[in-house]
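Residue numbers (our numbering), protein chains in the order written: chain A, 1 to 423; chain B, 1 to 423.
Everything labelled a hint here was simulated from the structure, so no lab data went into it. The structure displayed is predicted, hence computed values, not measured ones. A couple of the hints might just be wrong.
Footprint (simulated), chain B over chain A, 3 or more residues, beta carbon under 8 Å [as the list claims (entries may be wrong)]:
hint: 1; segment: 30-42
hint: 2; segment: 205-219
hint: 3; segment: 322-328
hint: 4; segment: 331-340
hint: 5; segment: 398-410
No farther apart than 30 Å at their CA atoms in a straight line, the calculated lysine-lysine pairs in the DSBU-like style are these [claimed, not checked]:
hint: 6; chain 1: B; residue 1: Lys213; chain 2: A; residue 2: Lys378
hint: 7; chain 1: A; residue 1: Lys336; chain 2: A; residue 2: Lys242
hint: 8; chain 1: B; residue 1: Lys143; chain 2: A; residue 2: Lys44
hint: 9; chain 1: B; residue 1: Lys336; chain 2: A; residue 2: Lys349
hint: 10; chain 1: B; residue 1: Lys336; chain 2: B; residue 2: Lys399
C-beta atoms are modelled at their ideal positions from N, C-alpha and C, and glycine is treated no differently.
One letter stands for each residue in the lines below.
2 protein chains.
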Amino acid sequence: MSDFNFKIEKKLPNNLGRAGTYSTPHGDIPTPAFVTVGTKATIKSLSPEQVKKLGADVVLANTYHLYLQPGHKIVQGAGGLHSFMNWNGPIMTDSGGFQVFSLGAAFGSNVSKIASDTDEVCTDTEGGHCKLATIDEEGVTFKSHIDGSSHRFTPESSMQIQEALGADIIFAFDECTSPQASEAYQREAMDRTHRWAQRSLDEFHTLQEIRNKKNLPQQALFGIVQGGRHKNLREESARIIKEMRITSNNSSRAESGKVDTSGREFDGFGIGGSFNKEDMYSVVGWVNKILPEDKPRHLLGIGEPADIFGGVENGTDLFDCVAPTRVARNGQLHTKDGKINITNAKFSKDFSPIESDCECYTCKHYTRAYISHLFRAKEMFASTLASIHNLHFMVQLTKDIRSSIIENTFDTFKEEFLRKYIK
Amino acid sequence: MSDFNFKIEKKLPNNLGRAGTYSTPHGDIPTPAFVTVGTKATIKSLSPEQVKKLGADVVLANTYHLYLQPGHKIVQGAGGLHSFMNWNGPIMTDSGGFQVFSLGAAFGSNVSKIASDTDEVCTDTEGGHCKLATIDEEGVTFKSHIDGSSHRFTPESSMQIQEALGADIIFAFDECTSPQASEAYQREAMDRTHRWAQRSLDEFHTLQEIRNKKNLPQQALFGIVQGGRHKNLREESARIIKEMRITSNNSSRAESGKVDTSGREFDGFGIGGSFNKEDMYSVVGWVNKILPEDKPRHLLGIGEPADIFGGVENGTDLFDCVAPTRVARNGQLHTKDGKINITNAKFSKDFSPIESDCECYTCKHYTRAYISHLFRAKEMFASTLASIHNLHFMVQLTKDIRSSIIENTFDTFKEEFLRKYIK
C-alpha cells in the first residue's frame, strides 16, 4: 500500500509520544494532528478555503449522516467526498457505529451520546445497551434520527458505504458500548467487534481490488480497539486487532502463493470509547503500548486541550472532536487563559482581538466587540468567525505540541500551557 | 469636496442611461452598480473577502439597526464601520427613516415593510401612516423592534449617528410613506421631508468640519426625493432637493464671503419609495430628468433583475436590495432562465453547477446536488454558497449592463436577458 506511509520523525524519551507524518493520496498529515469534523460533508459555517487557511490538514466526515442524507450513492455520483465537498486534502470517515448507537437508536430519548442504561428506553439494562438498536451477530438495525425509518448496517455494508464515500482513511465497523456497561457486556461487545473487524478487513480488500481496477485512489483501513475501561479487555483487543490479517481465501493475492503481508492487516488503529474521562489516559496507554509503533493511532471523538497532551504522551497521533465548532456556535471561545463567553456584556466594548497573539483570520481582522455584536444580532457570520478561531486554536495547539516533541520541550510546553489554561 | 467625484463615461442615446465611475475615499464604484446590503455590519453568512471576490464594490449598512445594536458609539469606538466590519471598500448608510416606519413602528403588527393602513394598528388611516411611529415637525419617536424601548430620530441625530458610523456615503433623514397614502398626505410628508433635508444638510456640514479637523475621511450626503407616485409631487421634490443649499449662517465658509458652492449642496440623490411596482419606472424617469446630470442617483431598496434595466434606462446609477441574499437563504437561486428552488427533488442528483457559465465561487466548485444537500441538512454553508451566487448574479448583471452601455449594446442586451429570464 504505497499510497500510505507513516514516518516517525521523533520520539519522546520518557513516554509514548511521537511526532511523525502520515502520507495519504491526498496529501500529508503531520502528526500529532487535530482532525476537523465535517459531519455532513461540510465543516459547519466554514468554506473549505477557510478550513485550509486556519491550518487544518485533514477532515473527518460521518458515515451514518452521509448514508442517510444525501446517501452515499449521491456522494459517489459526485465523484466522492473530495469533489462533493470541495476539500482536496485528506479525508476520513468513521464507521457509522458510534452514531448508530447514539444518534440513530437513542435519538430523542434520555440516552446521551454515550448511551446510558435509562430504564424508560432501554430494556437491556444489565448490558447497559439501549434496545432501540437491535444488535445481532450479523450487524445492527437502527432507526434514522431524521424520519424514524429503519436501516441496517453490517461490517460489509459499512465498508461498501465508506468505499462509495471515497475518503482516504476509513474505519472498521464496531459496536460502541456505554461506560456504564458491565464487564461481561463489554467482553461480549468486544468479541463481536473483533469478528466485525475481521469481516470489515476482508470486505475492504475485496473493495480495494475493485477500486484498483477502476484506477481510483486506494483507501486505508483503521481497525478499532474496544474493551471499555478494563485493562485485560483493552490489551486483548489491541493484540487481536494488531495481529488481525485478511482471511486468506478472501484474497486473490494470497491465492497467488506470494508471501506479501503488506496491506493485509490494518493500516492504522482507532481507539474507541467507552471510558470515563478519568480512565482515558490509562486506556490509551495500555492500548498504544501493544499496537505496532509504525502505524498511526487515532483517539476517536476526543478532545479538549488537556486531552491532546494526555493522548499524545500516551502514544496517540490523531484526534477529532466536534467540541471546538459546537461551543463556538454558542459564543464560547478558546483562549490560552481558558474559555471565554463572547456574549458576556464586558466584551461589547472590547476593541481587542480574542487573543492578541493569535494568528487566525478572526483575530487578525475582528474585535471582541464585533464578534459579540454578531452573536447578539444572531448573525451567521458570528459562527464562522468563532469556529475559525476555535478550530485554529486546537489545530495550532496540536501543531505546537508536535514542534515541542521535535524540539524536546514537550514537558515544559505542556506544563506551561495547562497551568495557564486550567486556572 | 475633492474626496468624491462622479465621472460619466458614456450616455445612452435614446434614454437617460449612463455609465460612470463614482470615486470615494475608500475606492471607486463603477456605475451602474448593485450595492450589497450588510444590514447589521455584516453581509449575512459571508466574509468580506467572499463579498469582494464575488465582485461587489460597495456595501450598504442600516443606520436604524446599528443605532439599536451595537450602538453607533461602539462602531465609532472601533474606528468606524470600515474597520468594525473589516470592509475597506466604499460603504453607505441609509438614513434610518425607512426602518423607523417599517420595522420600528410597525414591527410584529400586520403592517408590512411598506406600511399599510391596517385599522388594528394604525389610527391615521386617512394618511395611510401607522400611528406607532409618532411624527412631529422635529422628528419621529419610535419603538425598538428588539425590546420595545422608545427612541427618537431627528434629522440632526440621523446625521450624528451616520457621522459616527463613518460610512463614505450617507443619506438625509426622510419620511417614508405608504403607496396607499392619499395625495394630501404624500404632500404633507414630502414637505416635511424637504424641511428635514435642509436640517440634515446643515447638520452634515457642521459635522464634516469637525471630521476635517480630526483628519477623518470626508463623507458625501445624498438628499432623498419623495412624492409617492404623483408626477407633480415627484418633480417638485426633485427640483427642491436639487436646488437645496446649506443655510448660509450655518457655514463658516459662507461667512468668509467666498463664493464656493461645492459641497454646500447634496453630493448625490436617493429616490425613495413609495410607489407601486408599475409606477416605478415613470417615477424614476420624472425625477432623474430634473436631477443634475453630474451627480449619482440611488434607487433605494430596489431591485429585481428587470428593475435594474428599468432603473438604468431611467437614469439610475446605484441600486441596493436585500432580496438576493434573503431568497438565497430560502434556497431560491437566480439563473439566466429565471429563479430555481434548489431544494426541489430533481436537483438532489444534479451534478452540474447552478449555472454552467457562471464565474462565481459557488458555480466553480459546487454542484446543485451538494447545495441541495446542504439545504436539506440545514447546514449554514448552504446560505453562504447560495448568497454568493445570487449576489454575484445581481452584481455581474449590473456590470454587464454597464458594459453594454459603453459598447452601445444596451437595448439588445436588455431584450435578450429579459426574454430568457422572464419566461
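*Which of the listed hints are not met by the structure?*
2, 3, 4, 5, 6, 7, 8 and 9
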